[in-house]
Amino acid sequence: MSALLSPALKRDLGLVGWQIRYEQRSYWRNRGRGIFTFVFPLMFLVIFGALDKGQTLSTRGGIPYDDFFVPGILAYGVIATTFVNMAISTAILRDEGILKRMQGTPLPRWAYVAARIGSTLLIVGGITVVTLGIGAIAYGVDIPASTFPALIVTLALGTAAFTTLGIGVTRFIPNSEAAPVIINLVVLPLTFISSIWFPTDNMPKALVQIAKVFPIRALADGLQYVLDPRTVGAGFNAQDLRTLAIWTIAGVFLMLRFLRRPLGEAA
Amino acid sequence: MTSTHSQTQGPAITVSGLRKAYGDVEAVRGVSFEVARGEVFCLLGPNGAGKTTTVEILEGYRFRTGGDVRVLGRDPAAGERELREAVGIVLQQCGVQQDLTVRELVEMYGRYHEPSRPVDEVIALVELTEKRDVRAKNLSGGQRRRLDLALALVGDPELIFLDEPTTGFDPAARRQAWATIKSLCALGKTIFLTTHFMDEAQALADRVAVMRGGEIIASGRPDEIGGRDLRPAEIRFALPPSWSLGDIPDVPSVGREIQADRVTVFTREPVVASHEITTWALEHDVELAHFSVTQPTLEDIYLELTGSRDQHEMTNQEVVR
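Chains as they are written, first to last, in my numbering: chain F, 56 to 322; chain S, 8 to 328.
Be aware that one or more of the hints could be misleading.
Not everything, but these chain F residues come out facing chain S in the computed CB check (under 8 Å) [claimed, not checked]: (1) Gly-72; (2) Ile-75; (3) Ser-81; (4) Asn-85; (5) Gly-89; (6) Arg-156; (7) Trp-165.
Reference listing, derived: stretches of chain S covered by chain F, where coverage requires no fewer than 3 residues with Cβ under 8 Å from a Cβ of chain F [unchecked claim]: (8) 82-96; (9) 177-185.
Calculated pairs, SDA-like style, for lysine to any residue (alpha carbon to alpha carbon, straight line, at most 25 Å) [what the hints assert, rightly or not]: (10) F:Lys-267 / F:Asn-230; (11) S:Lys-138 / F:Arg-84; (12) F:Lys-65 / F:Leu-311; (13) S:Lys-144 / S:Ala-131; (14) S:Lys-144 / F:Ser-174; (15) S:Lys-144 / F:Arg-88; (16) S:Lys-138 / S:Lys-189; (17) F:Lys-260 / F:Arg-297; (18) S:Lys-144 / S:Pro-122; (19) F:Lys-108 / F:Thr-286; (20) S:Lys-144 / F:Arg-84; (21) S:Lys-138 / F:Phe-93; (22) F:Lys-267 / F:Leu-245; (23) F:Lys-65 / S:His-120; (24) F:Lys-260 / F:Tyr-280; (25) S:Lys-144 / F:Gln-158; (26) S:Lys-144 / F:Arg-76; (27) S:Lys-144 / F:Pro-235; (28) F:Lys-65 / S:Gly-262; (29) S:Lys-189 / S:Ala-210; (30) F:Lys-65 / S:Ala-85; (31) F:Lys-108 / F:Val-94; (32) S:Lys-138 / F:Lys-65; (33) S:Lys-138 / F:Arg-80; (34) S:Lys-189 / S:Lys-144; (35) F:Lys-267 / F:Tyr-120.
Derived by calculation from the structure, the hints in this document are not laboratory data.
Even glycine gets a Cβ: it sits at the ideal position worked out from N, Cα and C.
Work the whole structure out from these sequences, hints included.
Dropping the structure here:
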């Protein structure tokens with residue numbers, strides 16, 4: 056395997072590994088960021104767990120509420136880590152000139168982007184393990200082995216869509232001060248019609264149709280389908296996965312557009 | 008340690024007929040110059056003269072619209088990694104990963120280069136050894152600037168771009184930075200400097216070029232630029248009220264003027280002229296207050312060349328009035 060890689064590529068992959076370590080160190084030392092992406096979802100998990108104790112969902116065949124909100128909040132955690140955090144931090148890196156400084160070094164641009172994405176994946180992994188761990192232990196959410204591949208695929212596709220969109224959307228953020236406002240203005244209203252906090256089964260059709268266009272509902276619904284006790288079979292929700300795949304393509308396109316632009320020219 | 012960096016022959020930088028337009032506005036209009044290897048070259052000019060555009064084209068951050076540019080034998084617009092290996096850049100205002108320490112940052116940026124200089128050696132060179140475990144966000148302005156320099160030096164570059172490297176330094180820190188920059192010259196590095204400080208250009212540069220309105224309007228050694236070495240010296244003093252300009256002996260000069268009680272004599276023979284004036288003053292017991300002999304400074308020449316001189320003097324007169 057390693058014989059297939061040229062020495063130059065091996066060195067660059069080594070650099071990606073090192074860069075992931077530096078990105079991680081930066082991430083965990085910045086308390087504000089840690090709170091936004093890690094503590095918030097966990098806090099919601101505890102609050103919702105207490106509020107909805109023992110309740111069931113009549114619109115969904117009487118399944119425990121816990122089986123609904125745990126995957127919903129996992130979706131929120133993934134979106135906060137990838138889309139929200141990636142967009143805000145990339146805008147900051149751009150405005151502070153760090154992207155420009157990195158561009159002046161021999162580190163290939165793809166390696167830097169790969170490390171930023173790699174570091175984000177580690178955090179997504181952490182969020183997933185903690186959220187599902189608490190869900191299983193405290194709220195009795197069952198994670199069956201039969202739908203485990205679907206869980207991983209849905210999470211992976213959602214992460215791909217929101218990470219690439221998070222980088223790509225930076226192009227539309229005029230400055231880093233405006234970034235949190237703009238991003239939350241897009242994300243927060245959508246979460247309310249996207250089955251993150253509560254079921255949208257009785258919501259007006261028009262709102263559901265709007266929500267279905269965007270990837271937030273697709274990720275939440277896809278994960279809720281995987282963890283729904285009534286689900287039989289492998290748990291792949293084709294419609295949600297298709298929506299996520301389309302947004303991933305859009306995200307990759309936007310990301311490449313943003314990354315190809317010479318930074319000096321952008322200024 | 009093979010030097011795959013770049014061609015080692017020829018000038019470090021060659022620029023010919025460089026042009027850059029932003030829409031209808033031409034920021035750089037046909038600039039040509041050459042920087043030899045091992046030279047300290049300084050680009051001067053007021054804001055909006057096209058300095059930063061020129062430097063950023065050389066650094067590969069901007070694309071030219073005309074002319075030709077070679078940096079270490081390569082076209083910076085191609086963005087080749089080999090060129091970035093051989094060039095160190097200190098940008099004017101540029102952030103850094105705030106939550107990492109000085110040591111971590113120097114180490115991190117060092118990894119991008121093959122080969123790189125030892126981390127501790129670079130930190131010592133910019134005198135940040137005591138701050139090595141401090142996070143970037145907790146450094147003072149001057150320390151941050153020295154960190155910038157360290158991050159540019161850790162890759163052991165052949166050519167270093169310094170864009171206003173000492174802005175925000177106190178006088179002592181500036182002298183120290185100059186000493187560091189001079190030590191880089193001693194190592195044979197080529198340095199491309201832009202600055203607002205004329206004393207900095209005077210102290211460091213082998214050659215300076217002055218830009219205005221997107222063009223280079225003068226270039227040369229700091230003590231010769233704009234015919235500085237050929238300008239007459241200026242002898243100045245205050246004449247007591249009982250004396251007039253006509254009372255002063257006819258010394259070798261190219262002109263003389265009086266404003267209120269202040270006399271200025273322009274002369275190409277400052278030694279003879281000042282001797283004759285002071286001899287006359289002693290013989291007639293005239294006290295010449297504020298007596299001085301000066302050669303025009305680089306700043307005088309610069310202000311004259313860039314056309315800010317008249318404005319400058321006008322504001323002074325307004326203040327007097």
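Status of each hint after checking the structure:
Below 8 Å, beta-carbon pairs count as interface contacts, and F:Gly-72 has none with chain S, the closest being about 10 Å; its hint is therefore violated. With its C-beta approaching chain S no nearer than about 12 Å, F:Ile-75 sits outside the 8 Å limit, and its interface hint is violated. Checking F:Ser-81 against chain S: minimum C-beta separation of about 5 Å stays under 8 Å; hint holds. Residue-level restraint check for F:Asn-85 holds (minimum Cβ-Cβ distance to chain S is 5 Å; threshold 8 Å).
Because the beta carbon of F:Gly-89 sits about 11 Å from the nearest beta carbon in chain S, more than 8 Å, this interface hint is broken. Taken as an interface hint, F:Arg-156 checks out: its beta carbon lies about 5 Å from the nearest beta carbon of chain S, inside 8 Å. For F:Trp-165, the shortest C-beta to C-beta distance to chain S is roughly 12 Å, which exceeds 8 Å, and the interface hint is violated. With 5 residues bearing a CB less than 8 Å from a CB of chain F, the stretch 82-96 of chain S meets the requirement of three and the coverage assertion stands.
With 0 residues bearing a CB less than 8 Å from a CB of chain F, the stretch 177-185 of chain S misses the requirement of three and the coverage assertion fails. Pair hint F:Lys-267 plus F:Asn-230 does not hold up; C-alpha atoms about 30 Å apart against a cutoff of 25 Å. Among the hinted pairs, S:Lys-138 with F:Arg-84 is consistent with the structure: their alpha-carbon atoms are about 18 Å apart, no more than 25 Å. At roughly 24 Å between alpha-carbon atoms, F:Lys-65 and F:Leu-311 fall within 25 Å of each other, so this suggested pair holds.
For the suggested pair S:Lys-144 and S:Ala-131, the alpha carbons sit about 20 Å apart, so the restraint of at most 25 Å is met. The hinted pair formed by S:Lys-144 and F:Ser-174 meets the criterion: a straight-line CA distance of about 22 Å does not exceed 25 Å. Among the hinted pairs, S:Lys-144 with F:Arg-88 is consistent with the structure: their alpha-carbon atoms are about 16 Å apart, no more than 25 Å. A C-alpha spacing of about 23 Å is found between S:Lys-138 and S:Lys-189, which places the hinted pair at or below 25 Å, so the restraint holds.
Of the supplied pair hints, the one linking F:Lys-260 and F:Arg-297 holds, its CA atoms being roughly 20 Å apart against a limit of 25 Å. The hinted pair formed by S:Lys-144 and S:Pro-122 fails the criterion: a straight-line CA distance of about 28 Å is larger than 25 Å. Straight-line distance between C-alpha atoms of F:Lys-108 and F:Thr-286 comes to about 22 Å, which keeps the hinted pair within the 25 Å bound. Proposed proximity of S:Lys-144 and F:Arg-84 is supported: the alpha carbons are some 12 Å apart, at most 25 Å.
The straight-line distance between the Cα atoms of S:Lys-138 and F:Phe-93 is roughly 31 Å, outside the 25 Å bound, and the hint therefore fails. A hinted pair counts as satisfied when its Cα atoms are at most 25 Å apart, and F:Lys-267 with F:Leu-245 qualifies at roughly 10 Å. Among the hinted pairs, F:Lys-65 with S:His-120 is consistent with the structure: their alpha-carbon atoms are about 15 Å apart, no more than 25 Å. Of the supplied pair hints, the one linking F:Lys-260 and F:Tyr-280 holds, its CA atoms being roughly 20 Å apart against a limit of 25 Å.
With a C-alpha separation of about 21 Å, the suggested pairing of S:Lys-144 with F:Gln-158 holds against the 25 Å cut-off. With a C-alpha separation of about 19 Å, the suggested pair S:Lys-144 and F:Arg-76 falls inside the 25 Å cut-off, and the hint holds. Simply put, S:Lys-144 and F:Pro-235 have alpha-carbon atoms about 21 Å apart, close enough for the 25 Å limit, and the pair holds. Distance check on the hinted pair: F:Lys-65 and S:Gly-262 sit about 73 Å apart at the alpha-carbon level, beyond 25 Å; violated.
Proximity of S:Lys-189 to S:Ala-210 is assessed by CA-CA distance (about 9 Å); at most 25 Å being required, the pair is judged to hold. A hinted pair counts as satisfied when its Cα atoms are at most 25 Å apart, and F:Lys-65 with S:Ala-85 qualifies at roughly 24 Å. A threshold of 25 Å between alpha carbons decides the hint, and for F:Lys-108 with F:Val-94 the separation of about 21 Å falls inside it, so the pair holds. For the given pair, S:Lys-138 sits about 34 Å from F:Lys-65 by alpha-carbon distance, which is inconsistent with the 25 Å threshold.
Our distance criterion of 25 Å between C-alpha atoms is met by S:Lys-138 and F:Arg-80, whose separation comes to about 19 Å. For a cut-off of 25 Å, the pair hint linking S:Lys-189 to S:Lys-144 is broken: about 28 Å separates their Cα positions. At most 25 Å may separate the alpha-carbon atoms for a hinted pair to count; F:Lys-267 and F:Tyr-120 meet this at roughly 22 Å.
Hint compliance for this structure: hints 1, 2, 5, 7, 9, 10, 18, 21, 28, 32 and 34 are broken, all remaining hints hold.
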